[in-house]
Structure formats: C-alpha cells, structure tokens
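> The residues making up each chain are set out below.
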Amino acid sequence: MQDLLTAVRESRAWACYDCGKCTAACPIARIGGSLSPRRHVLKANSGQQKEILQNGTLFSCLTCRMCDQRCPATVAYTDLIQKLRALAFRGGVEPECPHGGALQSLMRMMAKGETHQDRLRWLSPDLKSDPEKGEVFYWTGCNVYYDAFFSDFPVATLKGTKAAVGLMNKLGVVPVVSADERCCGHDLLWNGDRKHFELLAQHNVKLLEASGAQTLVTSCAECLRTWKIDYEPFFSSKPPRMLHISEFLAEHLQELKNLLETRSRRREEADSPSTPDGNIDLFTSTAAPSPQVRTGSALESKTPTSVTFQDPCRLGRHLGIYDPPRQVLSVLPGIKLAEMRNRAGAALCCAGGTWSNCDRFAKQIQVERLREARATGASVLVTACPKCQIHFRCAMKDPRLRGETEIEMKDVSEVVAEAIAQAFEKQVRESCE
Amino acid sequence: MTATESLPPAAQVAQAQRRESISWNLRLVVFACNWCSYAGADTAGVSRIQYEPYFRIIRVMCSGRIQPDFVLRAFEKGADGVLMSGCHFGDCHYVFGNRRAVEQFEKIKRVLRLLGIEEQRLRLEWISAAEGARFARIINEFTDQIRRLGPSLLAGKRNPYAGSPHSG
Numbered sequence: 002m003q004d005l006l007t008a009v010r011e012s013r014a015w016a017c018y019d020c021g022k023c024t025a026a027c028p029i030a031r032i033g034g035s036l037s038p039r040r041h042v043l044k045a046n047s048g049q050q051k052e053i054l055q056n057g058t059l060f061s062c063l064t065c066r067m068c069d070q071r072c073p074a075t076v077a078y079t080d081l082i083q084k085l086r087a088l089a090f091r092g093g094v095e096p097e098c099p100h101g102g103a104l105q106s107l108m109r110m111m112a113k114g115e116t117h118q119d120r121l122r123w124l125s126p127d128l129k130s131d132p133e134k135g136e137v138f139y140w141t142g143c144n145v146y147y148d149a150f151f152s153d154f155p156v157a158t159l160k161g162t163k164a165a166v167g168l169m170n171k172l173g174v175v176p177v178v179s180a181d182e183r184c185c186g187h188d189l190l191w192n193g194d195r196k197h198f199e200l201l202a203q204h205n206v207k208l209l210e211a212s213g214a215q216t217l218v219t220s221c222a223e224c225l226r227t228w229k230i231d232y233e234p235f236f237s238s239k240p241p242r243m244l245h246i247s248e249f250l251a252e253h254l255q256e257l258k259n260l261l262e263t264r265s266r267r268r269e270e271a272d273s274p275s276t277p278d279g280n281i282d283l284f285t286s287t288a289a290p291s292p293q294v295r296t297g298s299a300l301e302s303k304t305p306t307s308v309t310f311q312d313p314c315r316l317g318r319h320l321g322i323y324d325p326p327r328q329v330l331s332v333l334p335g336i337k338l339a340e341m342r343n344r345a346g347a348a349l350c351c352a353g354g355t356w357s358n359c360d361r362f363a364k365q366i367q368v369e370r371l372r373e374a375r376a377t378g379a380s381v382l383v384t385a386c387p388k389c390q391i392h393f394r395c396a397m398k399d400p401r402l403r404g405e406t407e408i409e410m411k412d413v414s415e416v417v418a419e420a421i422a423q424a425f426e427k428q429v430r431e432s433c434e
Numbered sequence: 052m053t054a055t056e057s058l059p060p061a062a063q064v065a066q067a068q069r070r071e072s073i074s075w076n077l078r079l080v081v082f083a084c085n086w087c088s089y090a091g092a093d094t095a096g097v098s099r100i101q102y103e104p105y106f107r108i109i110r111v112m113c114s115g116r117i118q119p120d121f122v123l124r125a126f127e128k129g130a131d132g133v134l135m136s137g138c139h140f141g142d143c144h145y146v147f148g149n150r151r152a153v154e155q156f157e158k159i160k161r162v163l164r165l166l167g168i169e170e171q172r173l174r175l176e177w178i179s180a181a182e183g184a185r186f187a188r189i190i191n192e193f194t195d196q197i198r199r200l201g202p203s204l205l206a207g208k209r210n211p212y213a214g215s216p217h218s219g
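Each protein sequence line maps, in turn, to chains L and C.
Counting in my numbering, the first sequence runs from 2 upward without gaps.
Counting in my numbering, the second sequence runs from 52 upward without gaps.
Calculated directly from the structure, the hints in this document are not laboratory data.
One should not assume that every hint holds.
As the list claims (entries may be wrong) - Label pairs and their computed distance ranges (CB to CB): (1) D195(C) x D360(L): 57 to 65 Å; (2) R403(L) x R150(C): 17 to 25 Å; (3) E170(C) x L6(L): 43 to 51 Å; (4) L6(L) x D93(C): 51 to 59 Å; (5) N85(C) x F236(L): 19 to 27 Å; (6) S237(L) x H139(C): 55 to 63 Å; (7) A181(C) x D181(L): 34 to 42 Å; (8) H139(C) x K51(L): 46 to 54 Å; (9) Q215(L) x H139(C): 58 to 66 Å.
Stated by the list, open to error - Covered, in the sense of this in silico footprint (three residues per stretch, anywhere, with C-beta under 8 Å from a C-beta of chain C), are these stretches of chain L: (10) 104-111; (11) 116-130; (12) 243-254.
C-beta: ideal position from N, C-alpha, C; glycine also.
Kindly produce the complete structure, drawing on both the sequences and the hints.
Here's what the structure looks like:
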C-alpha cells in the first residue's frame, strides 16, 4: 500500500479530476484497445493496488506520453505506469515480451556484466574515436545487437551510428566510444525490472564519469531519456550535458552549413580569382547557392528529395526536443521536409518502445503512421531513434499492405552525412569540368 | 588452437582464473526435436549406451521451434553450453523446420559473439531417431569441449556442488 501511495504522490495522480482526456488521447484506446489511463489513475487513487496490477492492461500502455501532454491537471501518467510496473514486477507479473523476451535476456546478461562484449566491430578505421577519455562521449546504445538480431528485416541502425561518429569527426570532435558500454536499461525499467536496471545504471554512470566527458551525445532517443531523467539519482556529481545527435548538429549548424557550402563555393572562387580569400566567409553565410553553381549542375541535379520526420516519443513528448532535427534537415541542400498530418507533440509513436507490447493495436498504429508518411509524398522517412526504424520496418513486412506502407527509412545523421558527401562529390565533379 | 583464443586477452585471463578457482558442476541444455533427436536420445538409452550425464534435455516439437530466446534464456540462467538438435535435412517432420533452425542458429551465434560468450558453447547437430550411438558421442564430445572451455562467465557465483567430478 505504501508503495502505491508513493507512486500516486510522486506522479501527481491525486490531482486527477476525472475528465477522461487521457483516455480520449490514448492511441491504444482510440483504436479499440481496452487500456484506459483514466481507470488506472482512479484505481491508483482509491488504493486498489491488486486490481491494477493484475489487470492485463498495465503493460499495454505504450508510454508514449500523449495523455500526459494533454492532461489539464498535469498528472504524469507515464511516471505512474513506470512505478506501477515496478510494483507489478516485484509481485511476479511480467509483460508478455515480444521475441520471447530474448532482448530482455540480452539486457540482463549485460547487467550481470561478466563477459567482455565485442560491440565495436562497426567502428571502421576512418572514424576517429577514443576508447577511454575525452571531452565528448558518444553513446552508441544497443544498435549493434539490434542489427544482428533483426538481420532478416533488414534493419541497419548502425548506418546512423557510423554516420553520427563521422559527422562528429567532421565537426572537429573526437568522441569517446567505449567497448565497456552496456545497455542503458530503458526497456528493463519500463518492464518493471528495477533490479537489473539499477545494475546497468550504476555501471554506465561510472563509465561516463571515468571518461571525464563534459558532454554525452547519443543517436538513440530512448538512451537519451534514460540518461537525462532516469539516471539522475545515480550520478555522484553534477551530470554532464546530454544531447541528442540532432541537438549536437543543430548547435553546430553554422559549421555544418560551411561544410555543405564552402565546397560548392570554391568553383565560383576559381571563376573569379580576384576575390580575396578573406571574403569567402561573407559568402558562405548566405543560404542560397550561387547562380553559377546552379547553372553548372542544373542538368544533373535532381528535384529536391522530399523527406518526412518521425518524432520519437522519447525525444519529443518525453524530452521536448522537436526543433533541432528539423533545423538540421532544413539546411541540407536538395532536401525538402514534408510534415505528416500528426507531427511534433501529436506524432503517433512507433508503438513498440519498450519491447513489451507488440499486438494488433501496435501494428495498427504503425500502419497508420506509415500511411501518414506516404501521404506526404516523401520518399524517405527520417527518424531519430533506432526503435522507430525497427518497428516501422517490421510493419512494412506485411505482404498485404506492402504497397501502401513501404517507404525508405533513414536516421537523421545518415541523411546529413549523405548530403555532405553529395556536396563533396559535386565539388569534385565541378573541379574536373 | 585453444577454445578461448578467440576472446580478448583480459577475458582469457579471467577465464583461466575462474577455471582454476571454481569447482563447478557442468550444466548443458539440449533442445531436441520430438521426431528425431529426442527419439535418438531414447535409442541411446534403450541401447544402454553409457555417456556423460551432465545435460538437461528439453523436447520441442521441431528444431524450427528453437527460438533465440530459448537459447539466450538458458545462457542467462547460467547454462555452460547449449546444443540444438533436429532431424537431418530432408527428414524434417515439418518439411523445412530444420532449415529454419539453421537461420536461428546463425542469428543466435552472431548475438553471442557480440555479448562475448564463446561461440563453441553453442552447437547445432542433426541426430536421427536411429542414431542413439551418435547422440551419445555428440553429448560426450560436447561435454568435453565445454569442460575445456570452463564455466560460463555468466554462470555467476553458483557453486552448489563443491567436490563434484568436475572440480579442479
């Protein structure tokens, strides 16, 4: 009882005035699932612990935070769910994990931490990194495991990871990429397994503190949420800054623009050798490419690629990061951002965030989201979280819906890295002409 | 080549230390398909063949049913080795179940490599219902192989049977 009381107090469930907006907003309830956030809150408030914990809907919440955002009494329903699941797990209730709990097994094995992981094979020699100490820590997350586990999809989340490290190098940062990293424990935490989560948290925080890094950058929205919010009590001193790769790129927006443009500028410079070198900076800050460059490659350049952006629930509603990925995409030449009908705070989540609720409702949400993406006319769906990529790619596998849902998926960093590579190619081509 | 050579040096040292310090009771998990391998084990028993007894056999309807989570869970719980077994190609009761098993086997192996668990701890074998002697031989071989590898690093602090035949 005491625990339920703490959960109610800390999540502000007591403030609920029974308006039902949460259930109205809930994407699961909307498409016919029996989950009702309101019922959970009311039962928690009236102390019906047994009923909540044994009711099967506790683990069908996507924890997408749609309801929290709409709640007029600012009840943190998602926090309540996190605490209730920990209570349930202690009482022996476990979610029905997709993939038979194989991924949870992986995480628990990492939590035990007796083995030496071989997780840096993707780190090719052209990527500069430091294994132990540095200013910036790049947190890779479990992408390497996902790519191995979902190799039949095919999932390629490591492409984004590689691109991210490459971009950091280009921006003059040599990040720490550690082989001792373990899963952040996000999914175990949301499945209620606090014991193993804490083991992972302690190890990871110690690793980060030992590296002396002042900034942590990651490509995974879930890792970022866990680091920023759930790891806070584990730090012995002030936690470093934590950024998503899109935030990091947005902070270096000007340098990124220079990378994309000085290269195509040089031709103009060659055409008019009278321009002193010192003036180049003045030109490069303008966004539009020069007319000469444009005419030079008018025949070759395609119409701008239209992309659309999926806001991961962890990045958007959990952490309030909506603009940085859009800012980054907007400076890329040849890329046009077409927004989906439900975007930013209203974005549908990929419905599989915690490896605990893969059912027909999740599938329906994924298909609906993919249809929205297709309706924008975009050719690429850009995400900022590897889980989004995995779950949407899984939904695309349905052979009956393939024609309606299939769309190419890329990570933000991948798109940026490709744009830079293209700018470079263009420059080489022009200098050859 | 010794079995632990594929590990990073630090892990090899840790492994060697463990092998010397811990007396352990070797534990293998064998997944056997209902139609061939399980019957093969039965044949071994009926023929009164003597073989290493340090394995737990789990019957599944088909080797294709052996999902990654079965094997990973076994390792998580401290198994020292896992043997997946099924019908020979062409003999599968469900026509292509064992082909599926190969796919799963490859996938599990990739994940184990990432985790730092030696690949030799996982094995895939085809054993028909008539091959009792082969079943016994494979179990003996596999037990020896695992004994050489030492306890699984994930086996944790268990040491319930000090003084077992495998101590030292």
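> Take the hints in turn and mark each one as holding or not.
Against the structure, the hints:
A hinted range of 57 to 65 Å for the beta carbons of D195(C) and D360(L) is inconsistent with their spacing of about 45 Å. A hinted range of 17 to 25 Å for the beta carbons of R403(L) and R150(C) is consistent with their spacing of about 24 Å. Here the CB-CB span from E170(C) to L6(L) is close to 50 Å, well matched to the stated 43 to 51 Å. Against the hinted window of 51 to 59 Å, the Cβ-Cβ separation of L6(L) and D93(C) comes to about 57 Å, which satisfies the hint.
The hinted window of 19 to 27 Å between N85(C) and F236(L) is violated, with their beta carbons roughly 53 Å apart. Against the hinted window of 55 to 63 Å, the Cβ-Cβ separation of S237(L) and H139(C) comes to about 58 Å, which satisfies the hint. Taken as a hint, the range 34 to 42 Å is violated for the pair A181(C) and D181(L), whose Cβ atoms sit roughly 49 Å apart. Hint check: H139(C) to K51(L), Cβ distance near 52 Å, so the stated range 46 to 54 Å holds.
The hinted window of 58 to 66 Å between Q215(L) and H139(C) holds, with their beta carbons roughly 59 Å apart. With 5 residues carrying a beta carbon less than 8 Å from a beta carbon of chain C, the segment 104-111 of chain L meets the three-residue requirement, and the given coverage holds. Under the rule that three or more residues need a Cβ within less than 8 Å of chain C, the assignment of the segment 116-130 of chain L holds, with 5 such residues. Here the segment 243-254 of chain L counts 0 residues with a CB under 8 Å from a CB of chain C, which misses the bar of 3, and the coverage is violated.
The structure shown violates the earlier hints numbered 1, 5, 7, 12.
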